[in-house]
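A.B. asks: Listed below are the residues making up each chain.
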Amino acid sequence: MTNILYPRFLEDQQDYETAVNYWTGLFKSLMEEKSYSWQPYMKNQFGDGTPIRDGNPIFNAFVPETGRAVRIIQHPPAPKDSFIHWKNSTEWADGTPFTELVISLILTETTEAKAKAALREWFFDQGEPEKVEPIQGS
Amino acid sequence: MYICPSNPKKPLRAVETDPFSKPTLATIPSPKNFLQMQRKEHRGRIQAQGGGLEASENWAQDEPLTADEGRSLLQRLKAKLSRKERKQRKHHLKKLEDLIDRAEDTGGLHAHFSKSFQDDESDVRVDIEVLGGTAFICAVLAIILWAVIQ
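Chains as they are written, first to last, in the numbering used here: chain A, 1 to 138; chain B, 139 to 288.
Please note: incorrect hints may appear among the correct ones.
Subject to a maximum C-alpha distance of 16 Å in a straight line, what follows is the list of computed EDC-like cross-link-like pairs (lysine to aspartate or glutamate) [said to hold, decoys possible]:
no.	chain 1	residue 1	chain 2	residue 2
1	B	K233	A	D54
2	A	K80	B	E201
3	A	K114	B	E259
4	B	K178	A	D54
Partner residues aside, some chain B positions facing chain A, computed with beta carbon under 7 Å [unchecked claim]:
no.	residue
5	R177
6	A217
7	S220
8	G245
9	G246
10	H248
11	A249
12	K253
13	D258
14	E259
15	D261
16	G270
17	I281
18	W284
Here are some chain A residues the structure puts well away from chain B; computed CB gaps all over 10 Å [what the hints assert, rightly or not]:
no.	residue
19	P7
20	E11
21	G25
22	S37
23	N56
24	P64
25	S82
26	E91
27	T99
28	D125
Simulated from the structure, these hints should not be mistaken for lab results. Every residue gets a Cβ at the ideal spot worked out from N, C-alpha and C, and that includes glycine.
Next comes chain A alone, as it looks inside the complex (with noise of 0.2 Å):
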């Protein structure tokens, strides 16, 4: 297992902070390739504006130009590398459908390159997104 990113982000508040932030400048970075633009579709918070600080998400992020999504979930530590992700169709609460690539991980030096490659996938390689039906039942 290569070295874990950010071991004690959910304990340690600035750890916490100090990894949103590394997320944020990897992505920014990534669209800077393509001059894309890009912002937060979610608040990971309570009504309240109580923060919600468990990595799930820690980052999440659509871009127009692509009409895509990403949402990246951080796992502490465990002994093992992890690296899985998915695509879940959603909609905007105008009902306008758009798909989001779910990335979940243990953030190590190698899960950091699979997720780039995969972001980069997602952005940059699809060509026009897949047509998504409305949500059933909405």
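Please arrange chain B on chain A, whose structure you already have, making use of the hints.
C.D. replies: Frame of chain A; chain B shown alone:
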């Protein structure tokens, strides 16, 4: 300031809604957006996914989903799972229950809100998504908000 009966020690803050907001050009019905306007304001879903499973419970309604209603949806979702599927997601379902409990005391959860509860190495998971409006507020607060809107 309101007190939720389920947790009388914690006072609640009002949910951020503006029942007196005026319609804007964007909200005036047109053929194009009429169908979208028919969508319910408060919407979302909880799902049990991964490992070949895709079970879901949705809500779509005019008023915010209360925490009690959220717990009922969760029970309905659990009822759709086999014993093995429930066991695989035991911790994830508990985390969702805890989230609903905490949200009830802290003004609920506002859209867009998503969480996926899963183990770090598995796609077996439980998802919660608030797609529109507010969910998991205290029932008393919901009644007051509803009365104000009326």
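A.B. asks: Give a verdict on every hint.
C.D. replies: Each hint, compared with the structure:
1. B:K233 to A:D54: Holds - the C-alpha atoms of D54 (chain A) and K233 (chain B) are around 11 Å apart, at most 16 Å.
2. A:K80 to B:E201: Since the Cα atoms of K80 (chain A) and E201 (chain B) sit roughly 45 Å apart, the hinted pair is violated (cutoff 16 Å).
3. A:K114 to B:E259: holds (14 Å)
4. B:K178 to A:D54: violated (30 Å)
5. R177: Where the cut-off is 7 Å and the nearest Cβ of chain A is about 5 Å from R177 (chain B), the hint holds.
6. A217: violated (18 Å)
7. S220: violated (22 Å)
8. G245: Status holds, d = 3 Å.
9. G246: holds (4 Å)
10. H248: holds (6 Å)
11. A249: holds (5 Å)
12. K253: holds (5 Å)
13. D258: holds (4 Å)
14. E259: Since chain A brings a Cβ to about 5 Å from E259 (chain B), closer than 7 Å, the hint holds.
15. D261: Since the shortest Cβ distance to chain A is 6 Å, the answer is holds.
16. G270: Since the shortest Cβ distance to chain A is 4 Å, the answer is holds.
17. I281: violated (16 Å)
18. W284: violated (16 Å)
19. P7: holds (13 Å)
20. E11: For E11 (chain A), whose nearest Cβ neighbour in chain B is about 17 Å away, the distance exceeds 10 Å, so it holds.
21. G25: Label holds. Min Cβ-Cβ 23 Å, cutoff 10 Å.
22. S37: Fine: 18 Å to the nearest Cβ keeps S37 (chain A) off the interface.
23. N56: Contrary to the label, N56 (chain A) does not stay out of reach of chain B, its closest Cβ about 5 Å off (not over 10 Å).
24. P64: It holds; P64 (chain A) is separated from chain B by about 15 Å at its closest Cβ, greater than 10 Å.
25. S82: violated (4 Å)
26. E91: For E91 (chain A), whose nearest Cβ neighbour in chain B is about 6 Å away, the distance does not exceed 10 Å, so it is violated.
27. T99: Answer for T99 (chain A): holds, closest chain B Cβ roughly 12 Å.
28. D125: With a cut-off of 10 Å, D125 (chain A) remains clear of chain B, as the shortest Cβ separation is near 23 Å.
Hint violations for this structure: numbers 2, 4, 6, 7, 17, 18, 23, 25 and 26, all remaining hints satisfied.
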